[in-house]
Amino acid sequence: MLTAQFIRENRDRVARDMTNRGADVDLDRVISLDEQRRAAIQEVEALRADRNAASKLIGQTRDPDERNRRIESQREVNTLLETSEASLKETESALHELLLTIPNVLDPAVPVGKDESENVVVETVGEPRSFGFSPRPHWELGELLGGIDFERGVKMSGSRFFVLRGGVARLHRALIQWMLNSHVAEGFEEAYVPYMLNEESLIASGQLPKFRDNLYHDDEEDYFFIPTAEVALVNLYRDEIIEPGMLPMRLTAHTPCFRREKMSAGRDVRGIKRVHQFEKVEMFVYCEPGESEAELDRLVKQARSLPEALEIPYRVLALCSADVGFNATRTFDIEMHAPGADEWLEVSSASNCLDFQARRANIRYRSEAGGPTRFPHMLNASGLGLVRTLVAVMENYQQEDGSIEVPAVLRPYAGTARIEPANA
RNA sequence: GGAGGGGUCGCAUAGUGGCCUAGUGCGCCCGCCUGCUAAGCGGGUUCCGGAGCAAUUCGGUCGAGGGUUCGAAUCCCUCCCCCUCCGCCA
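According to this note's numbering, the first sequence is numbered sequentially starting from 1030.
Some hints could be false.
[Claimed, not checked] Okay, derived cross-link-like pairs now, DSS-like style, lysine-lysine, Cα gap no bigger than 30 Å in a straight line: (1) K1291 to K1184; (2) K1291 to K1143; (3) K1184 to K1302; (4) K1302 to K1291; (5) K1302 to K1143; (6) K1239 to K1143; (7) K1118 to K1085; (8) K1302 to K1118; (9) K1143 to K1330.
Derived from the structure by calculation, the hints contain no laboratory data.
All chains, full assembly: derive it from the sequences and hints.
Take a look at the structure:
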């Protein structure tokens, strides 16, 4: 989160960024609450200092009358203290709750725009494939191959659930394995993390309090299902001080992601591009503040190496001010081309969050033993999001008969070079 | 889920209402000494916040939150986590 102090000292910049994001934030209220808070702290602490001194004196007083007199007068002061403490607490929590709802500042390089249509394509690599026939969308391919079963997914769960079978399921799993190995080969440490986290963790990562509606929650145990591995990776070092020599720390994890997406029924309904449960391989970085810009470049480079290796056309977008997420200061998306439906599918989003999450999660680091503690910068990037990557592979590698050629890099994982229509 | 035991500074421990301004050892940091290293010697070392240009000073912090008290690491209540045994279980 942004601190009250930062907002006080950078009012104009913060106000401009909030406007460009389209976020309605009451900065005046932050500043006045912060003033109130600091005044209240001074009052409370002066009274507490009195009390401490008086108690000490009472402990040393031998004469019983004198002692009782002092206890009596301290009682009076204590009622004052109680009132002041209560009002300090109220002010502090009001300020804290407000600060938790304020998004990160924007990197000056972020293009200003009012919605996703103003995202900027910074690079397009490769030409959309041309076929000697009319390429099918993935839902047709899935049906033809017996590889994507929508009806049974809906039967056992509900709308926006699906089942993968046979070669398509293997291709899906192969992508995960291959992507994890690619990241590990580039120095990322693989991690396996819980899929259900407590409320504090979701606050630390920025999901709560604002985005409660997008999360699945177990009421009985008070666990939240992760909407992305990022949430778990942010919390790895929550309330810890990272020791010298550990940064930059680059991690990768494969997890399912659970999202309520109770948005507009009717949008992206066709196929499996927008579902409640999907797999994702995530990359995550903890680093020193001076390194985060370079780390963002590195993440984007690592993410785009995957469509490169798959030989699928893709493009890189710089998200505009209105589309950069709550936690991020700057974000690049990667979209792969899907020729069946002729559309660009978002398969990765790489963001620099600066120290925004580190402050929420109370994560600090030391660059040298005995040195001061500082907040590290944290970055995340999908590498890549499944289902959509699978869709892109299927649509790009489809053959006229509906079978799918397995991309060369995936063959060792999929154990086959071609996925044929089932039973036919 | 049941019964017991426990959570103190990076680690290990001491601490049963005021002498705790939380002691000691290890580790770590700075310095001294010594061809180098180790050892030795001296000093420092929880974390967070407020005020101040600063030296500094004040407050909070003994798993978390409440309570009792002039005063709580210490007493009481609730919750969380860990350990042992039992039950259940992929």
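Violated hints, by number in ascending order, as checked against the structure: 8
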